[in-house]
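Chains as they are written, first to last, in full-length UniProt numbering: chain A, 1 to 337; chain B, 1 to 750; chain C, 1 to 177.
Hint data in this document are derived by calculation from the structure and do not stem from the laboratory. Keep in mind that the hints are not guaranteed to be accurate.
Unchecked claim - Restraint-style ranges between C-beta atoms, simulated for each label pair:
| id | chain 1 | residue 1 | chain 2 | residue 2 | range |
| --- | --- | --- | --- | --- | --- |
| 1 | C | Glu24 | B | Val566 | 55 to 61 Å |
| 2 | A | Pro217 | C | Thr20 | 38 to 44 Å |
| 3 | B | Glu703 | C | Thr20 | 55 to 61 Å |
| 4 | A | Thr253 | B | Arg736 | 43 to 49 Å |
| 5 | A | Arg193 | B | Gly161 | 56 to 62 Å |
| 6 | A | Asp333 | B | Arg736 | 25 to 31 Å |
| 7 | B | Glu186 | A | Ala189 | 57 to 63 Å |
| 8 | A | Arg17 | B | Ser97 | 56 to 62 Å |
| 9 | B | Ser97 | A | Arg193 | 50 to 56 Å |
| 10 | A | Arg85 | C | Asn128 | 19 to 25 Å |
| 11 | A | Ala23 | B | Glu496 | 56 to 62 Å |
| 12 | A | Gln297 | B | Asp140 | 54 to 60 Å |
| 13 | B | Glu151 | A | Arg290 | 51 to 57 Å |
| 14 | A | Glu325 | B | Glu151 | 53 to 59 Å |
Stated by the list, open to error - Straight-line C-alpha distance at most 30 Å; calculated BS3-like pairs for lysine-lysine:
| id | chain 1 | residue 1 | chain 2 | residue 2 |
| --- | --- | --- | --- | --- |
| 15 | A | Lys38 | B | Lys54 |
| 16 | B | Lys746 | A | Lys271 |
| 17 | B | Lys453 | B | Lys401 |
It should be emphasised that the depicted structure is a prediction, and the values quoted were computed from it without experimental measurement. Even glycine gets a Cβ: it sits at the ideal position worked out from N, Cα and C.
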Amino acid sequence: MNRFSYVRAASAAEAVRELADPAARIIAGGTNLLDLMKYAVEKPTRLVDITHLPLATIEDAPGGGVRIGALVTNAALAYDDRIARDYPLLSSALLAGASPQLRNAATTGGNLLQRTRCYYFYDPATPCNKREPGSGCSAIGGLNRIHAILGASENCIATHPSDMCVALAALEAVIHVEGPDGARAIPMADFHRLPGDSPEIDTTLRQGELITSVELPPPAFGQNHTYLKLRDRLSYAFALVSVAVGLNIEGGTIKKARMALGGVAHKPWRKPEAEQALEGQAPTLENFGRAAELLLQGARGHGHNDFKIELARRAIGRALSQAAEARPQSQTDKRIR
Amino acid sequence: MLNAEHTQGAHVGAPRSRVDGRLKVTGAARYAAEFPADSLLHGVIVSSAVTRGKIKRIHTGDAKAQPGVVEVFTHENRPSTAWFDYKYRDETAPPGSPFRPLYDDEIQFSGQAIALVVAETFEAARAAAMLVRVEYTPADHATNLDLQLDEAYVPPKKRNGIKPPPKPRGDAEAAFAAAPVKLQNEYRVAIEHHNPMEPHATTVVWKGGGKLTIHDKTQGSQNSQSYVTNVFGLSADDVEVISPFVGGAFGSGLRPQHQLFLAVMAALQLERSVRVELTRDQTFTLGYRPCTIQQVSLAANRDGKLQSVMHNATAGTSRFEDYQEVVVNWSGLLYDSPNASFDYRLAKLDTYTPSDMRAPGATLGVFALEAAMDELSCELGMDPIELRLRNYADRDENDDKAFTSKELRACYRQGAERFGWSRRSSKPRSMREGRELIGMGMASGVWEAMMQKTAARATLTADGKLEIACATADIGTGTYTILAQIAADALGLPLERVSVKLGDSSLPKSPVEGGSWTAASAGSAVQAACDSVKQALLTAARGLEGSPLANVDLDRIVLRDGRAEVAAHSSAGLAIEDIMRGAGKQKLEAEESAAPSKTAMLTHVGYTHSAVFAEVRVDEELGVVRVTRIVNAVAAGKIINPKTARSQILGGVVMGIGMALEEETLVDHHLGRFMNHNLAEYHVPVNADIHDIDVLFVEEHDEMVSPIGVKGLGEIGIVGTAAAIANAIHHATGKRMRDLPITIDKIIGA
Amino acid sequence: MSPSAADASASVGAIPIRITINGESHALQVEPWTTLLDLLRLHLDLTGTKKGCDHGQCGACTVLVDGKRINSCLTLAVMKDGSEVTTIEGLAQNGDLHPVQAAFVEYDAFQCGYCTPGQICSAVGLINEGHAQSREEIRELMSGNICRCGAYVNIVDAVEHAMAHRRQSPRNPEARS
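If we strip away everything but chain A, and leave its shape as in the complex, we get:
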């Protein structure tokens, strides 16, 4: 870890001003940034501590939704009574991720900015376009068991590792930010980007912008939801594939469907066509299969991760069944429902 200067921001505006320095980084939970700094992947010269800003509350949002402060920890969010009651999909996804200790420290804003777990990104001795643009992608033709099957480019096949973000994508959250040009709101679907020619850029945040809150629309899915995560051990591991599903079923017909995949792309993966294909239909295995095909359209493996395409197809089907039957996956009982 390199040396750096440290400042405790007294206001969001001050934090934004500090971020004018491109080598400065915001620190809150620290669970990913310090991790990366110790591996010399991140080498900021200045850390801006925002933990004293008043952004740790969960409040009503206009229109019946809820606004989650950027500094609300993953644990506080998961166990919040209102979130657990109205947005159990989000609680479940949070509790599927990391460990209790990490959830006690990691924040909502930080989780959105979590970086990939690609082996090569984490190892500065190896080429990686995301860490060092232009150096090449070692995962293509290398070890890519945990890598992307969707939306990748010839420059990068990294995945976004968050569980929370997969649920936020399905819930169609909106990210509120403050920046040098004032505040703006970014729909979750537009917040993370695909690697394309610039895999070093994970999100559409502009220079100097600070995440202040995440807004959820009014609760929509009742009991018909699930977060299904498949991984290499039964806890404390990143997803090989995860599926967040929310359904609104009335009279045996799916009125609204939202699905997002984790562990398969540079961002939580959604496809409106796949959701529309379910809407107005009965919750049948056949329809689930068709939705899965649509959601996975264009999926491509890179060798070690070929299995993820089939695994994702099956996981989507199972998750849709779980949601339709109101049998959401438990994050404690490891039997897959």
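Go by the hints and put chains B and C onto chain A.
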């Protein structure tokens, strides 16, 4: 509760809590990187980014200019050390030329230590280490065992203590060709790293005048000491290695590791105390369980009687050492076959040398054999236990010797009963609950019950307290506790009056702690030393004026509750303190050593056995496997402490579950580098992975295997576990997995 | 504190903080890049808190900060200004082991002992949180602490026992919180 009478025999066999438990649960137990020293310097290692080649230039100027940096050591400025290879060869080294850190500009493996940055604080050293820039001249490398199989060779020089494959018996090829039921398969196990929770570390305390006290993470304080004296040309009187607590090792602490070399080098050169602690990712540059490809062929008559066993293995090793372990021999002694052949080869790779990792060799070889036996039982339509009983070996055919004891039949019987094996329907895919397929599988386990010559000292002081001392280590195995139990029983003392000192090179001589031999070896030495003290004590007691024991035969005197008494007459006796005072003794001390019986070993050989039963539940569609139950029935001679003994087996089973389902060091062969060098991507089991594990110890009396009848437990728990799980997965799904670990992709792809 | 550490704390870039550790208030000068874990182990000689991976991947460094369990390796000391930290050294009171510590000894919930302080602090945090009732929930919520010696079955036994003990003893100060 410990309200038992402290008579001879009160502690051995009783489930005592660890005597070092309080130190460990309060954080008071100090490990290698936790010993303080005045003006301590901190060293951080810079590791090679390339796998093979030369260092063209190494730029240390920026690092040296950092505040707090004292020195940056590289091959260009390192102090000179011993010239000959043998000086670097420790007591467990395989044949070859041991790695010498910072020796020259040559890179032999990815992650090789190429510089040591030493600074006043850890943080300063860590920051400066980022600024060391290296230019390399890379060379081609080979890390893929599959591509080196043509170059595989029979190791020309045998590793000390490792039995080469046994000679062939009968004509295995011809018998295989002629047999009615047969199979021939290849089995693979991924590279695994030990990953003890404590990363390797050394704190060298500079005591002036060239004297060093070294706190090293090691399974052998005397092994580290002699390495340091040999390499740096120091006198044994000037070097003491102290490691009272070791945060797990599993074999990774057998060989002196490079942080020991670097810390001592820096301390001697700078004449200051120095600590070097590896990062977790740097621990992946130490030894590992080697990538091994095995072929097992079994052939049997229709009644299940084996006619031919052939077991071949090829394992990777480094360019510079021929690491060897016992992989194939187990197939020659676990079952009786008139025809058998064995082959064990190595192939050179550009990696660091592999090393012993919990049940080295057996973990691999017994997995392949026991998976093949399960396949044979399926071919025969015979219960897997029945097949094993029909081929039960009453004699070790490899060495043509009798077993000192072998209660494996009882392991099968008691294990099966505890597990509920009779509820297993024989057909694969026939048991199901909800979406999950249920599978039950079993396997045998075996490990050699070894004993090594070991010395121990017992010191009884005038206050009636007993101190036991031995250089061996307790790496979590419970050695402190069982030695205290043996000693307390020998002298009829409460456990609280016995203290045990271990892990110090100045204590009576012991080999490295490993191979499951420590309980038998150190335990027997402690027994012998205590027996000598007891003799001296009783002799003194009888010689006292007016002693109530004066005319009592020695074998009629018992020691209990800190008193010497006439058996059956507890009123007639003397307190130990009174004997010591009366005899004018400040202390009674004896040092004794114990060694295996040479005569017994001419005709007999000792092995520990087990039968492992596994229940798995498999969500076949999604490839998720849960190991819901394990029963491990173990025959290991006398059990000194059922509580710590059970923990040893639990630990082996958990590592076996990891081996079966999770553990795999991923190699990028293009880069020649281990890539998942961290605990996020190298998966070891977590709490949620582990359900019910039931351990039972089968009665086994063995007065030949070691003087105290103990066989050892450190390895046996892992042997067979992975095979039992793989066999259970076959029973659940009908899919045969011959390539570990069995991850989601393999289940859904098979 | 070793002299070298003291010298370093006073060097350029050091920032004054006040932090309460195991009930004792410390006024310290810390460099911004010093983690809470390194502050405890290297600068305050509280070596009971362990460094197993230094990346939040093992849980050996778990301590309680303001009553919540976190990985001290992924926390900068300077950011914990004003906090109350409890480490393994602060759990026993007047020589009496905390019920979780006692249960760990009783159930042999460790072998080498290196992950143990983190396991125990984690278990105390888990009990405070109150989200675990069943063995299954204990297993899941203790999964942030790796034990390579494989003592998990015994760890669950110990935590379960300590939870039951806590429920039965209303005088336990933690039970009131």
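Checklist entry - Which numbered hints does this structure break? => result Of the numbered hints, 7, 12 do not hold.
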